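Dock chain B against chain A, hints included.
Below are the chains, spelled out letter by letter.
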Amino acid sequence: MARAVTTQRKTLNTILAWAVGLLIFFPILWTILTSFKTEAQAIASPPIFLNFDWTLENYAVVQERSDYMRFLWNSLIIAGGSTVLGIIIAVPAAWSMAFVPSKRTKDILLWMLSTKMLPAVGVLYPIYLICIELGVLDNRAALVVILMLINLPIIVWMLYTYFREIPGEILEAARMDGATLKEELLYILTPMAVPGIASTLLLNFILAWNEAFWTLNLTAVDAAPLTAFIASYSSPEGLFFAKLSAASTMAIAPILILGWFSQKQLVRGLTFGAVK
Amino acid sequence: MATQHSRSAARIMMAPAVVLLLGWMLVPLTMTLYFSFKRYLPLRGGDLGWTGFDNYVRFVSSSAFWPAVQTTLLIVGGVLVITIALGILLAILLDQPMWGQGIVRILVIAPFFVMPTVSALVWKNMFMDPVNGLFAHLWRFFGAEPISWLSEASLPSIVMIVSWQWLPFATLILLTAIQSLDSEQLEAAEMDGASPLNRFWFIILPHLSRAVTIVLLIQTIFLLSIFAEIFVTTGGAFGTRTLTYLIYQRVLESQNVGLGSAGGVYAIILANIVAIFLMRIVGKNLDA
Chain A
1 MARAVTTQRK TLNTILAWAV GLLIFFPILW TILTSFKTEA QAIASPPIFL
51 NFDWTLENYA VVQERSDYMR FLWNSLIIAG GSTVLGIIIA VPAAWSMAFV
101 PSKRTKDILL WMLSTKMLPA VGVLYPIYLI CIELGVLDNR AALVVILMLI
151 NLPIIVWMLY TYFREIPGEI LEAARMDGAT LKEELLYILT PMAVPGIAST
201 LLLNFILAWN EAFWTLNLTA VDAAPLTAFI ASYSSPEGLF FAKLSAASTM
251 AIAPILILGW FSQKQLVRGL TFGAVK
Chain B
1 MATQHSRSAA RIMMAPAVVL LLGWMLVPLT MTLYFSFKRY LPLRGGDLGW
51 TGFDNYVRFV SSSAFWPAVQ TTLLIVGGVL VITIALGILL AILLDQPMWG
101 QGIVRILVIA PFFVMPTVSA LVWKNMFMDP VNGLFAHLWR FFGAEPISWL
151 SEASLPSIVM IVSWQWLPFA TLILLTAIQS LDSEQLEAAE MDGASPLNRF
201 WFIILPHLSR AVTIVLLIQT IFLLSIFAEI FVTTGGAFGT RTLTYLIYQR
251 VLESQNVGLG SAGGVYAIIL ANIVAIFLMR IVGKNLDA
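First to last, the sequence lines map onto chains A and B. Be aware that the first sequence starts at 1, since it is given in full-length UniProt numbering, and climbs by one per residue. Be aware that the second sequence starts at 1, since it is given in full-length UniProt numbering, and climbs by one per residue.
Wrong hints could be hidden among the right ones.
Here are some chain B residues pointing at chain A (derived, C-beta under 8 Å) [what the hints assert, rightly or not]:
| no. | residue |
| --- | --- |
| 1 | M25 |
| 2 | L90 |
| 3 | I92 |
| 4 | L134 |
| 5 | G260 |
Short derived list, chain A residues pointing at chain B, Cβ under 7 Å [stated by the list, open to error]:
| no. | residue |
| --- | --- |
| 6 | P119 |
| 7 | G122 |
| 8 | T271 |
I should point out that these hints are in silico values taken from the structure, not numbers from a laboratory. These figures come from a predicted structure and were not determined experimentally. For glycine and all other residues, C-beta sits at the position ideal for the given N, C-alpha and C.
Here chain B stands alone, though its shape is the one from the complex:
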């Protein structure tokens, strides 16, 4: 049904979206690349000329770089492990027959809809405050000394906040995947005497592998760029400065644009490595 005429009409209909996204991608990207090769300090002299790869070298060799990489890996890795492990268990639980399934589902999904600044502040103050937070009450109730969570155990605290936000996403996607599992297969295995653990290990888990991969990739891309959770809790202090936060500080706080832009290019490359794997899976699905 696609005639020459409808093809050119299709092209015109697609044009605004394509042109806008092309501009959105190319203009800032070109500028970031351009700045990354310059010594550029807007508040201290402005454009001080070309420096070649100096910014790239300095960004990597600064004392803040490796700790930031480590923090990023710990946060992303920690959140991924927690959300996927708990997500699988939760998805299996929610798939069981029970009363009020719809309501439980809503309760579990709710954190995903809470804006990042709210969840970070609520956790920071009402739960993790060393004097008035609920955790402090709980600790004192058991006779323990309350912990100043966000300074003494800053990384685990942030991993916990972010995991709370992303657990619903993992659960929902894994639940959708579990529900597409043929229940006859499970029944057959049960009749043949497979234990629940074996059924989980040999039927459910392999069935989930694709969904797990997708959750892993999508979350990695989003988690690499978490910002608000750190911005309102620790402001990057107490060893919570991620790569994203380091670049933000270089660019906007210390206004060293050249250096920050070089960091930005690293972040873009890193995100693209993850994105390639995700696109491959999504692309395969388009053909099917």
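Same shape as in the complex, but just chain A:
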């Protein structure tokens, strides 16, 4: 909005918005701060905000006791693998729907979306049973495939909305100028499609990283990603706030950073192009 406002009004807005923003962000900030405290300081009464002895001990202990790196590695493989696999399968599909649409394209897109609406718990046992029968319970490859299938509708949709924005006339112009199919793909289509593919990759990586139904129910030890690792902290009670915070901070930090880059894509990706 380009309306002229008084400085006074702007100051008021700023104070109010920052107060609300900090309030909403506070649980995350508090977790990060607590991760640098000792366990005693973490539960001190009254709570200590900033003037404590900063320590990295919790991070070392979390890694040492629970082999954090293994869970991180599992998260990376499951989230990364499912996203890349999904993109490889979705790009040709979205491409053909955007550039060679037929009468049924809309129906296919809506049908794909409807598979995303299927409540996971409704098919929990069949998937569980299939995993047991195939011997892939607690297996990373199985989770890669399952999370890929879960996010495939969103991936196809996002890519479709991006590809549809590439004007077909540009291709025709290139052909008139004598571009071969290879040149057309390499020099015209790919550069225009890369930003859309990158955004899709980013958002779906985040969604897969945070997925906490299948990862909790289909893993035990070997394939458990960070979601399951954190959930294992729910049993012991008492003096472990600092370690819980350190583990939590490590689990969310990479995604918070990636997430900040993907704010705009979030809207497009999760509303299926209905809000832009």
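Quick look at chain B alone, frame taken from chain A:
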């Protein structure tokens, strides 16, 4: 530019995605339907034969069913009301001119990127713990007796945790919608003497109605199946057992697959009722 040749190429390019999703949908769905008509207890005798609609009747008539429906409605409804009401206010606030807008936006959106198990555990322990949680400190500071949140006020606590996670989503979408509002319209209304409240009520709110509907539908679908937040906080105790959690317990904890599958079919039907409305809006948008 679509020739016969490119059409068949298009079909081949689409095939892997379509076939995979078709399999992902049909195979488990068929199995769930199949199990739902069987008496099937993997740990106690296995497949004990067909029972017709017995599982469907028993699932609905069990003493856990109606409380679970009520819990589900309270959580979904509570979170929807909170996130949409606060989301609208927050979106309007973030749309105002201010310093550091980008940073505030980031602060507000951040909870959405926190994995559900982390946010549930952080709230459960560091805020809602009756002895060492921040709320307990705060209560004691004002001389009040700390509350054991997740057992004494379990539902409001879970609604609060889930609202915190979903408020960024609602805010972001409503903010995007507000930013598409023609500011000249607002200025004209202002010049004609419309009060801020009138401008909100007669211009901003109607403009937002579509975005609100979309937020409502998408969140309902996701909220109906929240799992991790309950799994790590109360484990379904203290009246927090939702329909999703009840089915999970029937299927995996008590291994009564037939009964759980019947519940699963109910959940699928319920989700589809919501999905139909969402698909209609999305479909209309595709034509435009």
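Results for each hint:
{"no.": "1", "hint": "M25", "verdict": "5 Å, holds"}
{"no.": "2", "hint": "L90", "verdict": "7 Å, holds"}
{"no.": "3", "hint": "I92", "verdict": "10 Å, violated"}
{"no.": "4", "hint": "L134", "verdict": "6 Å, holds"}
{"no.": "5", "hint": "G260", "verdict": "6 Å, holds"}
{"no.": "6", "hint": "P119", "verdict": "5 Å, holds"}
{"no.": "7", "hint": "G122", "verdict": "4 Å, holds"}
{"no.": "8", "hint": "T271", "verdict": "6 Å, holds"}
Comparing the model with each numbered hint stated earlier shows that hint 3 is the single one that does not hold.
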